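Enquirer: Chains A and B supply the protein sequences, listed in that same order. Just so you know, our numbering puts 181 at position 82 of the first sequence, and the rest follows in order with no gaps. Just so you know, our numbering puts 21 at position 20 of the second sequence, and the rest follows in order with no gaps.
Hints should not be assumed to be uniformly reliable.
Computed footprint of chain B on chain A; a stretch qualifies when at least three of its residues, placed anywhere within it, have a C-beta under 8 Å from a C-beta of chain B [unchecked claim]:
hint: 1; segment: 117 to 129
hint: 2; segment: 150 to 163
hint: 3; segment: 167 to 178
Short derived list, chain B residues pointing at chain A, Cβ under 8 Å [unchecked claim]:
hint: 4; residue: 35
hint: 5; residue: 40
hint: 6; residue: 123
hint: 7; residue: 156
hint: 8; residue: 234
hint: 9; residue: 237
hint: 10; residue: 240
hint: 11; residue: 241
hint: 12; residue: 321
From the structure, some residues in chain B lie toward chain A, with a derived Cβ separation under 7 Å [what the hints assert, rightly or not]:
hint: 13; residue: 33
hint: 14; residue: 379
hint: 15; residue: 392
Treat the hints as calculated values from the structure; they're not laboratory data. Nothing here was measured: the structure is a model prediction, and the numbers come from that model. Glycine included, each C-beta is placed from N, C-alpha and C at the ideal position.
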Amino acid sequence: MRFHLPALNHGGMDPAPARYVIRINGHLGATVLSAFPALAPQHHGAHTVLTGLLDQSGLYGVLAEIEALGLDLLELRKFTPDRESPETGHHRSP
Amino acid sequence: MAPAAPRLIDRGDLLAALDRAATRKVTIISAPAGSGKTSLLRAWAGRPGQPGRLAVLQVQRDQQDAQQFWLALLDAVRQATGADSGAEPPAATPDFNAPAMADRVLSELADAHGGITLVIDDLHELTSPEALAQLTRLLTNLPPQVHAMLTTRHDVGLRLHQLRLAGDLAEIRAADLRFSERETRELLDASGIELSDAGAALLHQRTEGWAAGLRLATISLAGHPDPERFVAEFSGSDRTVAEYLIAEMLERQPPDVQDLLLRTSLLDRVNGELADLLTGRPGSERILLDLQDANAFVESLDPERTWFRYHHLFGDLLRLELRRTLPEEVPALHRRAAGWFTLQGQVVEAIRHTQAAGDWPEAARLLADHSFSLTLDGQAQTIQALVRAFPPGTDHPELALVRAMGDLAQGRLDQAAAHLAVAETHAETAPPDRQRRLRVAIASLQLSLARRRGHLAGVIEQVRFLASPVTGQSDEDIALDSDLRAVALMNLGTAEAWSLGLPDAERHLREGAVLAREIGRPYLEVGCLAQLGFASIFHGAAMPNIQPFAMTQARCREAIALAERHGWGAEPVIAPALMTLAGTMVFLGEFDEGERWLRRTERALQTDTGPDIRLLLHQTAGILHAGRGRRHEALEELGAAEDLGSQLEGPQALASQVTGWLLATQARLGMTGEARAAIAALDDERASSGEIRNARAVICLAEGDPAGALGAVADVLDGTAPVLGYVTVVEAHLLAGLAHRELGDQRAASQAAERALALAESDRLILPFAMTGSAGLLEALPRHQTAHAALLADILDVLHGSSPAAKEQSSSPPAEELSPGELRVLRYLPTNLSRPEIAGELSVSPNTVNAHVRSIYAKLQVRDRSSAVRRARELRLLAAGRTR
């Protein structure tokens, strides 16, 4: 919300939005989830997995919110179409 | 730092770790929100027996303005060193010089006696790359007795690898800050919470020793009927620690307190009055005080406890909760806050809340209306940050005005013109009451632009609004009008001085200075006086009998002294005075002193790239080289000045002088063909000026045609050719003398030399004798025939010191340069004033004087006051004071 990061897609980075998977420790309640209106939440065990389409500056905005709210970020992954759906939750679960 | 809340437990191990860290130069505490960074620093700093003083800066939220950051840092340092008691506080300027500011903070730190710890809290909020770059420099160059402690949520863009390699950097990270199980137990005990060991262990495990979690838990646990159950439920919940605990804590507050916390969460800082306004209920101040006393994430910002802020993490969660539960009220709350801040004259906050309310056109209007005063208040970067906060793609024509202002400040004249064109189109369609304001603002900016482009006709066109008296409807209108009038007078006077050197220039600049003082705008007063120093070289030039150079120097020094009182001694605003002073030094043959002032001018112009002021810089450097006989270097500088002159639109006062000197230098270097071709390309008016006639004479002399040279200067000598000042006439006499000598007429040559000396006497002007290469002419002048023997001797001293044979010697590196502060102290050393008395004269602390004296002795490589004075005389460092 209050972050005005310089445009990040000038350095040859892909400007198109991509699907990101963000895993956070704990169950996020309605208050904290309202900070991520662009992302869909799902509880996986003791974690919350947020997924959604983000471009680079959207992604950095989300990371800044995670930091500001003191959340425990466990994993961040860009979902590429050749991989299986991340929502199945078969990967690392610490 | 705000008054420390009562500490619950003494985290001895951590404090010891910080003590160890403090033996290095820089300590960085880098850990996520709520890790207890600030509490740790407070506990460490507040311990009894803590040596040294603390300079504490809390970085403002999302600080994008380098100047605001540095001013706050300087202020914190001055409070810690006690330097704020005597001299004026540091003031903001519309043009900010970050390196000079960092130097200033460094010198304040260096002047401080005893240890000092510089604390910068929440450094991650600083997003200005310029500020971070200079902070890196500050941290790597800290004086020996200074230690810096920084807290940040994430590693920031400071390049401290040098310090790291040298072992001068200590880092404390999240893992170090976590509470141990023992500390958790101690915290519970200290808070009077009865919990079993198993319960305490569970709480520690659930919060993972996270400070904010433990603190929140203790607030809810205090007075809880069943602490064991609370911990069990908390432990059994999957929700994140902060969210769970804040919800618990809020729920346990009475409804009016909950309501206050939610509604005021959208403020960066809150006081009772503002909270009453947002809640619609009285009594908020009491609630805020109680919350702070209960250690409940509310802290006061001032000793009087009138302003409060919420812990960042707590505030952020409250804000989310507010948006979630009362979304329809949020814009109205922002509007109410904006209204309050507007009434308080806190425009930046008002604009931020107007933006947050989504009232973008209104926010654009506010910003356009206040961008003048905000720029004058030194908040140019804040303005640009506010502009960036508008959603991209939406068109707010009012912002064109604001953008033009930023462009002008940075010397981007073409972009400024483009933005002004957009603003003008918009003004045509604005409602009538608004149109007047916009037009006045646009006219003032057009005036600045025309001035910087040297376009006099454009200036005259734009200043018609000066003729109308101040007739605002509101106080705000009147203030805006006064600001604009003062700016306009400065620009008008400047343009007049630059373009034609009209006496009107002086009148307008004086009027501007007086008005600026009346309305409390010292920046504009300094600007007018600096330009007045420059303008006076024209006024005085026609009257050699009243020592025009001495008068010019006195005016420049007056302007510089005022600028220094405000801490602007190295800012672009004072550059015209610095440069004019440098130029007069060069004219008087004080080349080393002139060079020092020129260096200082260069530093002041680091952030300004406008062609007008750069032209003067190259021109002054050119005559300095020419005076020292370095013709190739002179040619390069004068050529650069000529190129910049061609970028300016209108006629400029100095144009024929620059061109004349450039062509003469070419001729002296044997490039007579180029010089002649250039003269042929000049229009008749320029070609007939005294300065160009002199250049023609130099070409003739270089071609072995002394009779032609005499013909060229004849109109200058009989007063029919227009000249910029008597310097041109002195030059013409010398060129005539050189020509007579070539022709074998020694008597006429001596007469010409004597006339030149007579004209030069009152100012003790030396430069023309050096530039024309008149040493031989003067040496042939029989001493008993001259009425100016003393001046003659001085001139010959300078000429021999700067002859090509002596060049090697004069270009050897001078002693380490004294700072302006040191020079000021130095000039009192020949007096019989004691150090405390000197401190009194200069309105600084005796410590500052002592530090300067030590530094002067070191730089001059002397041991005592009398040898310092002797050495300073040899280096001509005291000469600048003689016209006072």
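Enquirer: Of all the hints given earlier, name the ones this structure violates by number, lowest first.
Expert: 2, 5, 6, 7, 8, 9, 14, 15
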